[in-house]
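Asker: Next come the chains, spelled out residue by residue.
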Amino acid sequence: MGTFAYFPHTEEDIRAMLDRIGVASLDGLYSDVPDDFLYKRDYDLPSAMSEQQVRDFFESLGQKNTRLKVLVGQGAYDHYVPAVIPYITSRSEFLTSYTPYQSEISQGTLRYIFEWQSMICRLTGMDVSNASMYDGPTAAAEALRMMVACGRRRNKVIVSSFLLPCVLKVVRTYMKYAGIELVVTDDVLSELGPDVAGVLVPQICKYGYVQDLTGFADKIHHCGALFAVYCDPSTLAVLESPAELGADIAVGDGQSLGIPLNYGGPYVGFLSCREALMRKLPGRIVGQTLDADGRRCFVLTLQAREQHIRREKATSNICSNESLMALWCTVYLSLMGPEGLRRVNELSSEGAHYLHDALLATGKFEDTHPGKVFINEFTLRPLRDAAALQQAFLDGGFFAGLQVDSGELAFCVTEKYGKDDLDALVKIVEDLA
Amino acid sequence: MSKIIEGLLYSESHEWVKTDGNVAVIGVTDFAQAEMGDITYVDLPQEGDEFSKDEDFGALESVKASSELYTPVSGKVIAVNEELSDAPELINQDPYANWIIKVEMSDKGELDALMNAQAYADSIK
Amino acid sequence: MKYYDKLIFELSRPGRSGYSLPASFAPGKGISLPENLRRKSSLDLPQVSEVDVVRHYTNLSQMNFGVDTGFYPLGSCTMKYNPKINEEIASHPLFSGLHPLQPEETVRGAREVIDGLDKALAAITGFRHFTFLPCAGAHGELTGLMIMREYHMARGDSARTKVIVPDSAHGTNPASAHVCGLEIVEVKSRPDGLVDVEDLKPLLGPDIAGIMMTNPNTLGLFEKDIKEIASLVHGCGGLLYYDGANMNPLLGKVRPGDMGFDILHLNLHKTFSTPHGGGGPGSGPVGVAESVLPYLHIPVTSGFHGNFAVMMRAYAYILMLGKENIRMAGPLAVLGANYIKESLKDVYKLPIGSVCKHEFVFDGLLNDGARDDVPGATTLDVAKRLLDYGFHAPTIYFPLLFHQALMIEPTETESKETLDAFIAVMRTIASEAAEDPQLLRSAPHNTPIRRPDETTAARNPIVKA
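Protein chains in written order, with our numbering: chain A, 1 to 433; chain B, 1 to 125; chain C, 1 to 465.
So here's chain A without its partners, still in its complex pose (with noise of 0.2 Å):
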């Protein structure tokens, strides 16, 4: 003993601690467990490294990673992380403390957490936001069967084919299981009827393009039924709001806000929604109170609604969030600001309209939405072989033009790459045969 950094017990601990216990041997502790369950062979693991092979194996496999310029979006945004997000969040006082049970030690992730449903609230123009979900894919299946449970035996919800196929994936597989009816159709409104107890759609299409939901409120309530949108929350900076909407629900995921590509997670998802609709909202919230001194403080509130509570009568089974992920939002819309985030917005506006145009100039690609507007992700139809394209954009260093289910081909600009990155890009184009 005594070899290994994690593990502090000296021989004489264990043998003090065990004379206690009146057990001869650590095997004496596990008495009670039937012999034939205790695997007494070596385990099939690599023998112990020490921390500096750990560190060399993962540089290693590091190494057979391909570092490109992300030029796709689909659910992930390459955008820049402000140096300051890592280094809070590294703070082990936030990064190593559990859900915040115990209030009195527990008042930075409070605040935090408060901070962060209020700018959900503010770029959503929701009433209420809860301490966060495990991505937006997930929002968006809680925020289904959250309209299911407002909806008084309505068991049906309508979902938008314009979402995001990671969203859609996920949505599918949550409804299947819960035994809610789940229409997927390009055009909601013709599929509203008494038995509808919710409408889902994008506000961004699956291809990039900003939808007109003028009207759709509007219909949606009059037959009885809950509307709920799925955001970008970094485009709201700029994009009409869920509550201009007339949304009910709003849900995404807040990747776009800070968050590194992580190879898919963990990102951070959100859920917000009107205040009549509080009490069912599933997953933590975090309130404002006083303590008995008179100073204000912070608490996980409302929690009558949770599964620790209600067990299976419970809106939801999630117990967690992605708090420190809410962290990094929370941090990155404090550094940006309202004019930064509309700067963000403004420049990958600015990459990606400039990109759509010198990608069409090569004469390689046709604009099958003409007209439309986007702001950082568009989609075009190659006219030429579409796999050779993307060979050639990996030869050039860049993860561009994935192909999505109409055929064509899928870029997405952040403020991260300016105009020597897409020259380079074009080019790749151009000199392509």
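Each hint can be trusted.
Which residues of chain C face chain B? A few of them, derived with a C-beta cut under 7 Å, are: (1) 454; (2) 455; (3) 458; (4) 459.
Here are the simulated lysine to any residue pairs, SDA-like style, with alpha carbons at most 25 Å apart: (5) A:280 - B:79; (6) A:176 - C:159; (7) A:313 - B:51; (8) B:76 - A:224; (9) A:69 - C:104; (10) A:372 - A:214; (11) B:125 - B:93; (12) B:18 - B:121.
No lab work stands behind these hints, which were simulated from the structure alone.
Quick reminder that beta carbons are idealized off the backbone N, C-alpha and C, glycines included.
Starting from the structure of chain A, add chains B and C where the hints point.
Answerer: Only chains B and C this time, still in chain A's reference frame:
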């Protein structure tokens, strides 16, 4: 010792019923409110909702607990005590004065299965 | 820890900013939105400098208690030390810059991490393969139950709509089953805290999809009848689901796959040392036995590949443990739990005295100090008083089997000195309770805030600034 009022009918799930013709006025007992502690929210149904006997029609919430409310009789909700939305503590203050819903009964015979004050008092001893 | 009262919004001054962005290069191509798509309302985000942001969040952090601050004996949460090398690895730019939809040949290193972790977890648990899509334990339960339903549906066994859950189960078990469209049937515990096999037998039948169990259970007791339970449940055509929240004591000692379980989830943020982050992100991979393997990847429960950066940390931890150190992980966790239990059972009520695994449950104080006119100290009061002495509180009022439950889990990363200090404080608190319960009832006294008014918070929710 929790308060029990003579003349009301009681369910095993701690609701009381006062009948007024074909209408059942429903609330929770003193025993129930005491078990819950400070009530923070009453989840109420809407007027016009229909429930069958023993179906849950709402819930009481406290900081650390939640308790379903069950209709002791089948019927249609004809009135909801909206005051409880803003002041759930009324149930703590006087659970008998602060009824929760009024139900137009579809089968008055269901009342026979409920307990009288004495039987209810015995059941919570 | 000192009280700090600001919210970031209160530091805001119009015109101040904390961002740094490049200059525009194609000014003509900026946003030009038609009126109907444009945001009309103002966006009231904070306007603060970078220094403001750093100081504000540093101040907030100083009102927080983490594993790096001190001992965190939170039962069922396995608050072990989070190694720092894991953090360095997880933020490596050759991994953190990968887009989830990048082609296979550009992410070979990342795939090797996932495959390597899959293989390691299979070796540790005795299961065949894992899906890493679930982002937390409850998410794993949900995914695992979906897999269970697929297994039955593939056999045309659509009548299996009920799942059995012990009364001592984590609250997430019945909630996950419900979200998965299953009905819950509760099986009782015996007085010795174990699942009552006789109570289980009549519940089994052609409508049972399976049983969810954690072993050791939430009382920290090993379910010794598991072999019989497995054979009974399998005999009726059901599957056994293993809730891996309590896997830590078995680490290096027992493989759930060998006990007859068919599906399990692990909490990488508990058993495999990844930080809890104030409530997430976690990772809840689900593993299956051979017979369930065809259904493993059918439910798609998160957007891309799961919480990859969390998986990196867990893999690094397993490589540090290696096949040698892993053998001590479970036993040392169990040693610590039993040591605390034996050192305090003369002052706290121990309802079940047998040898425990990674955690155990006291049912409140033996002498709560109650007198005719003075109410005694409760478990909540003990928990709050612990905060005054610089320890995190145990899990309280869970499991539901006892009224004053106080659930303690020390983990293998705590030294005997730390445990002794905790034991001494718990004894001091017991004496304080006997002499002056009011001292506990008004605790904590030395924390950034005192007890909050939770009733008002729930009655009149203020949930945003």
